[in-house]
Amino acid sequence: MDIFPALADVLADPMLLGAILLAAVVGMVVGATPGLTAAAAIAMLLPVTYYMDPLFALAFLYVIGKSGRYGGSIAAILFNTPGTAASAATQLDGYPLARQGKAGKAMKTATVSSVIGDFMGDTLLIVGVGWIAALALKLGPPETFAIYFAAFVVIGSVIGKSVVKGLASAGLGVLVATVGLDPISGVERYTFGSFDLSNGIGLVPLMIGVFVLGEVFAQMETRHRAVETVRPQDHGRDGDTLTWAEYKPCLPHALRGGLIGAGIGVLPGLGSAIAAFISYGEGKRRARNPEQWGHGALEGVAAPESANNAVSGPSMAPLLTLGIPGSTIGAILLGVFLIHGIQVGPTLFLTSKELVYRLFACGLLGIVAYGLIGYFGAAQVAKLILRVPPRVLYPLIFLTSFVAAYSARGSLFDVLVMVVSGFAGWIMRKVDFNVAAFVISFVLAKGAEETFRQALLMSDHGLLIFIERPIAAAFLGLGVVAMGLRVRTLVRDRRAGSAGHA
Amino acid sequence: MKAVLEGLAVTALGGGAVWGALAVPSAPAGETWAGLVPMTVAVGLVLAGLWMTLAGMRAHAGVWSLPRPTRGTLEVLGLAVLALAYHQGIVWFGYLLPTAVAAPITLAAFGVRSRLGLALSVVLCPLAFHLVFFQLLGVFPPYGSLFDPLDLLP
Amino acid sequence: MLRRHLIAGTAALALAPLMAPLVASMAGAADYPRRPINIVVPYKAGGGTDAYARALSAAAEGVLPVPVVVVNKPGSGGLNGAQSVLGARPDGYTVMLTSGGSFLLTTLMRKTPIDALDSFRFVAQVGQLRTALMVPADSPFQTVQDVIAAAKANPGGLRWAHSGRGGFHHVGGLGFLAANGIKAQDVPFKGGGPARAALIGAQTDFGFIGVQQLRGFEGKIRALAVNAADRDGIMTKVPSFGELGIPFANVSSPVLILAPKDTPDAVVAYLEAALKDITAKHAFADLLAKQGSGPVYADAATARATLAAMKADVTPLVADLK
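As given, the protein sequences belong to chains A, B and C, one line each in that order. The first sequence begins at 1 in the numbering used here and counts up by one. The second sequence begins at 1001 in the numbering used here and counts up by one. The third sequence begins at 2001 in the numbering used here and counts up by one.
Treat the hints as calculated values from the structure; they're not laboratory data. Hints may be right or wrong, so weigh each one.
[As the list claims (entries may be wrong)] In the DMTMM-like style, the derived pairs of lysine to aspartate or glutamate whose C-alpha atoms are separated by at most 20 Å in a straight line are:
| id | chain 1 | residue 1 | chain 2 | residue 2 |
| --- | --- | --- | --- | --- |
| 1 | C | Lys2111 | C | Asp2265 |
| 2 | C | Lys2183 | C | Asp2230 |
| 3 | A | Lys138 | C | Glu2218 |
| 4 | A | Lys446 | B | Glu1075 |
| 5 | A | Lys430 | B | Glu1031 |
| 6 | C | Lys2290 | A | Asp460 |
| 7 | C | Lys2220 | C | Asp2138 |
| 8 | A | Lys383 | A | Asp240 |
| 9 | B | Lys1002 | A | Asp53 |
| 10 | C | Lys2183 | B | Asp1151 |
| 11 | A | Lys353 | C | Asp2320 |
| 12 | C | Lys2290 | A | Asp432 |
| 13 | C | Lys2261 | C | Glu2272 |
| 14 | C | Lys2044 | A | Glu354 |
| 15 | C | Lys2261 | C | Asp2138 |
| 16 | C | Lys2183 | C | Asp2286 |
| 17 | C | Lys2290 | C | Glu2218 |
| 18 | C | Lys2276 | C | Glu2061 |
| 19 | C | Lys2311 | C | Asp2115 |
| 20 | C | Lys2044 | A | Asp432 |
| 21 | C | Lys2111 | A | Asp196 |
| 22 | C | Lys2152 | A | Asp240 |
| 23 | C | Lys2276 | C | Asp2265 |
| 24 | A | Lys138 | C | Asp2138 |
| 25 | C | Lys2220 | C | Asp2230 |
| 26 | C | Lys2190 | B | Glu1031 |
| 27 | C | Lys2183 | A | Asp240 |
[What the hints assert, rightly or not] Which bits of chain A does chain C cover? Going by a derived footprint, with three or more residues having C-beta under 8 Å, they are:
| id | stretch |
| --- | --- |
| 28 | 198 to 211 |
| 29 | 416 to 422 |
Beta carbons are placed, not taken as given, at the ideal position from N, Cα and C, and that holds for glycine.
Use the sequences and the hints to build the structure in full.
Below, the structure written as structure tokens:
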């Protein structure tokens, strides 16, 4: 087991432990701030990490990702707004609990469940990743493309209410990704003669635009509306404590959520939000008290919170072993690896095995850190956030997004990209486009196209190469089956819907 | 009405993308065309846009009227213009001066009314961001193409 | 308040043209260097070229009185960073470190006003990157002749990996194929790392990747020959095409330091001398050895002559590529 010496190394480094602790706090605060996501925070903090040691930089951002996924639950419970998309499911039961004066109980349930889910995900990652990496050495472009294909199918099938708008959002993401020089032949696409565009659209400015500036625009629009929040101190002692008897019925939901989250995390592209909703739905289906779900069931907090954090670890698997970014956070971490000269992909475990296991060790310690801080201090974090008035907070975020977008690559064109994507992101949200699908498609499109065309160059029989190679065929088959199942459910839902109306 | 407009906008976007994909030069023999993926997606967008338009027209049966922009929407447009101006300002004058202008405007736009606070932001915001990013983190600052106060420093 | 700022801005705008020459002359050579020197690397961090810049930055301590800061400006095959240095103030505080071979090829193949030999001032050569013919460890090919024979038996049937079209690895590979009268299908990857991973997984039959990429992967891939007349100074175990008597195209990549065209002579001379000292330091060689590469110093005139000679060699190859 490579993890134990790594843990010992990390524990012996007080500076690193300090960075993990700081990351846990930063992630929690950002996650709990309405409108700011962990991915946004990571994109903005990226320039800071250029000047850190690689392990520091990676551990810092990785733990922010974990802690931010958890921190979203604070906003969901207290402010009735998902701090991150991943906490939208938590809101269903979290906010009713808060209104009943059980905010503290709900937050402690969320903390314990997040820690359980996160630990399950990380354990699976640590046990399984070496094995996947050994396998990955044998995989080439055809197999990698098949995995991308499966990911796209799954994204398409969970896209949300409006299928057409969701697909259009994903398509837009792919189109934006094709701007610039074609990765294979080097010809220009959608550059319109502009030198800056031939460089392509950067992920970091795009993300800062969509997730940060777009959010500032949204806050500008809605700032006159009063936000209903539950102040953490509004309730008595009883609502603050969590007993074992209360948590015991939540445990099976947390464990199931952990498994669902870990399973979903391995597949690139899905992410925490989907895991949380699936776990919530599955939990409600199997619950002994389904009628209470949605009106303040602790189980309804445990199920999604465990699942959304369980995604964190396993989503690193495709990233580290194949170089496929499984999530937007993963895509940024990929950039961090490259900046520090570490080649992610099948050879990572040959060149930088120690670093990887130390990163995992930092992840485990990060879970402990946010678990402890969250269990005892989530209410304080919430008070802190309420103390900063939005009229000061959002202008500062507005100004920071400019300097952060510039600093990532030292490019003023990136700032322009950030402004345009911010405005586009705001419009997309306004017309119910799926912003998450847009960004993840942007992230996945480049690799998918590249491997597709590499595979064709390698093939003697054109497209048949995807069937000739068994692993590639298996993943393609998986994608096709998933698509078939989804179409079947859609058709069934529509029939059921029309029958219901009739 | 809103749905129809959205559909038309997506159709137009897709149409533009088809036009852009057509400009991609053809591939040498035996290779896939670089415009294949953009073209496929662009055609998909056109179809999605037409679908949205038709669905919107079917669902809509009342009077056709353009949706009226709300106060919030106008404010967002104002902020977007400020963002573009701020970017152009940095291109021309470097980071410090445009930030000294943009900081109080943004704060005021979000409802800060304290004169002292706004006045302080003129000095503190450029200074703090400059120190953190361009001094502490060592990012190479964007020098203004027309004039930059950093040029006056020794 | 806004109006006051507008007035200040207008005043500044009016003064700008008056200031510019003043500022330029202030950055004379007598007091150079007084600020950190930015080395622009027009590629992503983590590559072979970037490794030189990082090592240079670390080894400059003690030789230069100011820090050397590495700035990565990747994109457009290195043109993006080159463009930004072209437009930078010629004060010696912004210079470029680039892979000369790739830079030359990109300027020849893409539509750009940049001329690799004439748009910049040469400061010095600090290193050398070479490409090598490599095969997977379990490949049936034991020698370069095996590869040539297999390609002749099956024209266009073999596949080879490289780190991207138009790079010097790609052109070096094309030159090898053309010189030996064989054909094979290339499969471009995005960078040397992915190309090496593809070779390890035996996704292609052979590949042209940086000879330093062998370091640490001796059990996974084999280097059959380095694309040069003589052996590499660091990876000495790999034979060269020259000693094997196999025709090849002389494409390699000197790692160059270039400065904006109008940089004062005194500043360039100062940097040239400083680089000679830095590249001679053990620390510099040690840092590079970890990456499998090493220091190769040449002064400005020699570096320019090397690149000019290569330009003559590759121009016919590039004509086919366009």
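Hinted pair Lys2183 of chain C and Asp2286 of chain C, Cα distance within 20 Å: violated, 40 Å
Given pair status - Asp240 of chain A, Lys2183 of chain C, alpha carbons within 20 Å: violated, 74 Å
20 Å limit on alpha-carbon distance, applied to hinted pair Lys1002 of chain B and Asp53 of chain A: The hint is violated at about 51 Å.
Given pair status - Asp2138 of chain C, Lys2261 of chain C, alpha carbons within 20 Å: violated, 50 Å
Lys2152 of chain C paired with Asp240 of chain A [C-alpha distance capped at 20 Å]: violated, 79 Å
Hinted pair Lys446 of chain A and Glu1075 of chain B, Cα distance within 20 Å: violated, 36 Å
Restraint check for Lys2190 of chain C with Glu1031 of chain B, where alpha carbons must lie at most 20 Å apart: Holds - the C-alpha atoms of Glu1031 of chain B and Lys2190 of chain C are around 17 Å apart, at most 20 Å.
Holds or violated: Lys138 of chain A to Asp2138 of chain C, with C-alpha atoms at most 20 Å apart: Judged against 20 Å, a Cα distance of about 13 Å means the pair holds.
Restraint check for Lys2290 of chain C with Asp460 of chain A, where alpha carbons must lie at most 20 Å apart: This hinted pair is violated, its Cα atoms lying about 39 Å apart.
Straight-line alpha-carbon gap Lys138 of chain A to Glu2218 of chain C, limit 20 Å: holds, 17 Å
Hinted pair Lys2111 of chain C and Asp196 of chain A, Cα distance within 20 Å: Cα-Cα ~14 Å, so holds.
Outcome, coverage of the stretch 416 to 422 of chain A by chain C - at least 3 residues whose beta-carbon is closer than 8 Å to one in that chain: violated (count 0)
Violated hints, in rising order: 1, 2, 4, 5, 6, 9, 10, 11, 12, 14, 15, 16, 20, 22, 25, 27 and 29; the structure is consistent with all others.
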